[in-house]
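Asker: Go ahead and model the full structure; you've got the sequences and the hints to work with.
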Amino acid sequence: MKESVGNQSIVFEKPPAITGAASTVGPKEGEGPLASYFDEVCDDPTFGQDSWEKGESEMMRRTVEKAIKKSNVPKYDIKYIFGGDLNGQLIGTTFGLKDMNMPVFGLYGACSTCGESLSLAAMTVAAEYAKSAVAVTSSHYGSAEKQFRFPLEYGNQRPLSATWTVTGCGAFVVSSKSETVCPHITAVTTGKIVDYGIKDSFNMGACMAPAAADVIYQNFKDLNVRPDYYDKIITGDLGSIGKKILIDLLFEQGYDISHQHDDCGLMIYDNEAQDTHSGGSGCGCSASTLAGYILQNINSGKWGRVLFVPTGALLSTVSYNEGETIPGIAHAVVIEQK
Amino acid sequence: MNKNISNENYNKYVSEITPKHNCFANCIRAFIVGGVICTIGEGITCLMTDVFNYSKDDAGSYTSMILVLLSVILTGFNLYKKIAKWGGAGALVPITGFANSVASPTIEYQKEGEVFGKGVKIFTIAGPVILFGIFTSWLLGLIYWIVTL
Chain D
212 MKESVGNQSI
222 VFEKPPAITG
232 AASTVGPKEG
242 EGPLASYFDE
252 VCDDPTFGQD
262 SWEKGESEMM
272 RRTVEKAIKK
282 SNVPKYDIKY
292 IFGGDLNGQL
302 IGTTFGLKDM
312 NMPVFGLYGA
322 CSTCGESLSL
332 AAMTVAAEYA
342 KSAVAVTSSH
352 YGSAEKQFRF
362 PLEYGNQRPL
372 SATWTVTGCG
382 AFVVSSKSET
392 VCPHITAVTT
402 GKIVDYGIKD
412 SFNMGACMAP
422 AAADVIYQNF
432 KDLNVRPDYY
442 DKIITGDLGS
452 IGKKILIDLL
462 FEQGYDISHQ
472 HDDCGLMIYD
482 NEAQDTHSGG
492 SGCGCSASTL
502 AGYILQNINS
512 GKWGRVLFVP
522 TGALLSTVSY
532 NEGETIPGIA
542 HAVVIEQK
Chain F
26 MNKNISNENY
36 NKYVSEITPK
46 HNCFANCIRA
56 FIVGGVICTI
66 GEGITCLMTD
76 VFNYSKDDAG
86 SYTSMILVLL
96 SVILTGFNLY
106 KKIAKWGGAG
116 ALVPITGFAN
126 SVASPTIEYQ
136 KEGEVFGKGV
146 KIFTIAGPVI
156 LFGIFTSWLL
166 GLIYWIVTL
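Chains as they are written, first to last, in the numbering used here: chain D, 212 to 549; chain F, 26 to 174.
Just so you know, the hints here were simulated from the structure itself, not pulled from any lab data.
Each residue gets a CB set at the ideal place from its N, CA and C atoms; glycine is no exception.
One thing to keep in mind: the hints can contain errors.
Unchecked claim - Per label pair, the in silico range of CB-to-CB distance:
| no. | chain 1 | residue 1 | chain 2 | residue 2 | range |
| --- | --- | --- | --- | --- | --- |
| 1 | D | G217 | F | K28 | 12 to 20 Å |
| 2 | D | P238 | F | E41 | 32 to 40 Å |
| 3 | D | D486 | F | I42 | 19 to 27 Å |
| 4 | D | A484 | F | F141 | 48 to 56 Å |
| 5 | D | K410 | F | M90 | 51 to 59 Å |
| 6 | F | C71 | D | R360 | 37 to 45 Å |
| 7 | D | I404 | F | D82 | 40 to 48 Å |
| 8 | D | K513 | F | K37 | 46 to 54 Å |
| 9 | F | S80 | D | S262 | 54 to 62 Å |
| 10 | D | D261 | F | V118 | 28 to 36 Å |
Answerer: Here's what the structure looks like:
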C-alpha cells in the first residue's frame with residue numbers, strides 16, 4: 212500500500228496504534244449523556260487550582276499521565292508530545308506539560324487541534340522517528356469564555372447558534388506496535404484553510420462546516436472511497452447548524468453522509484436539558500469524546516472504521532475586531548480496529 | 026472540493042437556516058424584568074422620601090446606590106446572569122446591568138492582580154458606555170449652549 216495518496220492524504224503502510232487513551236472532563240460534561248465514558252469527571256471546574264487556566268493545565272497533566280499509564284508504554288519510549296489548547300500562546304499546554312520532562316511540540320489548530328496532534332503523532336511514529344508519541348488536546352469553558360467572549364458572570368443572551376466550550380481533555384499514546392488488539396490510525400487527511408466569508412463568531416458551525424466538507428470530500432477522493440466505507444463519520448464541534456450545512460454541502464458534491472454522520476458537539480451535552488444551544492465546542496470536545504466514547508465503541512467492535520474530523524474556527528479577538536472573516540480548518544483521521 | 030456557492034449566497038443560506046430568538050417574546054420578557062427592576066427602584070425612592078423624609082434628589086441617589094449594590098451581590102452569586110439571560114435588555118439597560126458589567130470583569134480578572142487584572146480590566150465592557158456617554162452629554166451641552174446664545 213502506498214504511503215502518500217492523493218493531494219492531502221497518507222495511508223500508513225504500518226498503521227500506528229492508539230495504545231492508550233484517557234479523558235478528563237468538568238462537572239457540566241459529567242452531567243451529559245457521555246458521563247460514564249470518561250475516565251475522570253472532576254466536580255471542581257478549577258481542578259483544585261486557583262484559576263481557570265491553571266485548572267486547565269492540571270486537567271491536561273492528569274490526562275496525559277493517565278493515558279501513559281493505561282498504555283503500559285514505558286515513559287522512555289515516548290519521544291514526543293504533540294499538545295495544544297485554546298489559550299493565547301498555549302499556556303494550558305505549557306504549564307500542563309512543563310514538569311513532564313519530555314520534548315514537546317505546541318500546536319494550535321483552534322478546535323481541530325486533536326486531529327492535528329493525532330496526525331502528527333501518527334506520522335512521526337509511522338516514519339519511525341519515535342516508538343511512541345503522545346497527542347493531547349484540551350479546552351476549558353472558563354478560560355475560553357474569558358479570552359474570546361465575556362467574563363463568566365456577565366449577563367447577556369447567547370444566540371441560539373452559539374455553542375458551549377467543553378471543559379475537557381483527551382490524551383492518546385500513539386505507538387508503532389501494540390501487544391493487544393486496539394484502534395489503529397490507518398490514514399490521515401490534512402485539511403486546508405477554508406473561508407466562506409462568515410463573520411459571526413457566535414455561529415462557529417457555519418464557519419467550520421465548509422472546511423469539514425472540504426477535508427471529508429478530499430478523503431473520499433484520495434482514498435477512492437464512498438461514505439459507506441466508514442461506519443461513522445464524526446466531526447468535532449459543528450453543532451446542529453454546522454451539521455446541517457455539512458450534509459448539504461457534501462450532498463451537492465454527490466456524497467450523502469447523513470446516515471454515517473455524527474458530531475461530538477451534539478453527543479457530549481443534552482442541548483435541551485443543559486441549555487447549550489447549538490452544542491458543545493472547543494478542542495477538548497472532540498478530544499474527550501474520542502478518548503471516551505468513540506474509542507470505546509471501536510474497541511467493543513460496534514464500529515469497525517471511523518473517520519474522525521475535528522473542526523476549528525480560526526479567529527482571534529483581534530482579527531474579529533478588525534473585521535476579518537472566520538475561516539475554518541478540519542483534519543481527518545481514519546481509525547480502525549486491528 | 027470546488028466551491029459552488031459565493032460567499033454572499035452562503036451567508037444568505039446560513040442566515041436562513043440559523044434559528045433566532047423570538048423578538049416579540051424577548052420584548053415581553055424585557056418589559057417584565059425591566060419593569061420589575063424599575064418598580065423596585067421606585068419602591069426604594071418612596072420609602073426614602075415618605076418614611077425617612079429624604080429629599081427627592083437624595084432619595085434618587087440612594088436608590089441608584091442600593092440597586093447597584095443589589096446587582097453586584099447578585100453578580101457575585103452568579104444570579105444576575107440568569108436574570109439577564111431570561112430578561113435580556115430589561116436586565117441590561119437599567120443601572121443594575123451597568124453594575125453587572127463592571128462587577129463581572131472585576132471578579133473574572135482578580136487572579137491577574139490588583140493593577141493589571143482588576144485595575145485595567147474593570148471597564149472592559151462598561152468603558153465604551155462611559156466614554157460615549159460623556160461624549161454625547163458634552164455634545165448635547167455644546168448644542169444647548171449654541172442654541173441659547
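Asker: Does each hint hold? Answer for all of them.
Answerer: Hints, one by one, checked against the model:
Between G217(D) and K28(F) the beta carbons are some 19 Å apart, a value that agrees with the proposed interval 12 to 20 Å. P238(D) and E41(F) have their C-beta atoms about 36 Å apart, which keeps the hinted 32 to 40 Å range intact. Here the CB-CB span from D486(D) to I42(F) is close to 21 Å, well matched to the stated 19 to 27 Å. Taking 48 to 56 Å as the suggested C-beta distance range, the pair A484(D) and F141(F) does not conform, at roughly 39 Å.
Hint check: K410(D) to M90(F), Cβ distance near 40 Å, so the stated range 51 to 59 Å is violated. Against the hinted window of 37 to 45 Å, the Cβ-Cβ separation of C71(F) and R360(D) comes to about 39 Å, which satisfies the hint. At roughly 60 Å, the beta-carbon separation of I404(D) and D82(F) lies outside the given 40 to 48 Å, and the hint is violated. At roughly 40 Å, the beta carbons of K513(D) and K37(F) sit outside the given window of 46 to 54 Å.
Taking the beta carbon of each, S80(F) and S262(D) are about 46 Å apart, not inside 54 to 62 Å as hinted. Checked against the given bound of 28 to 36 Å, the beta carbons of D261(D) and V118(F), roughly 35 Å apart, stay inside it.
Hints 4, 5, 7, 8 and 9, counting from the list given before, are not met by this structure.
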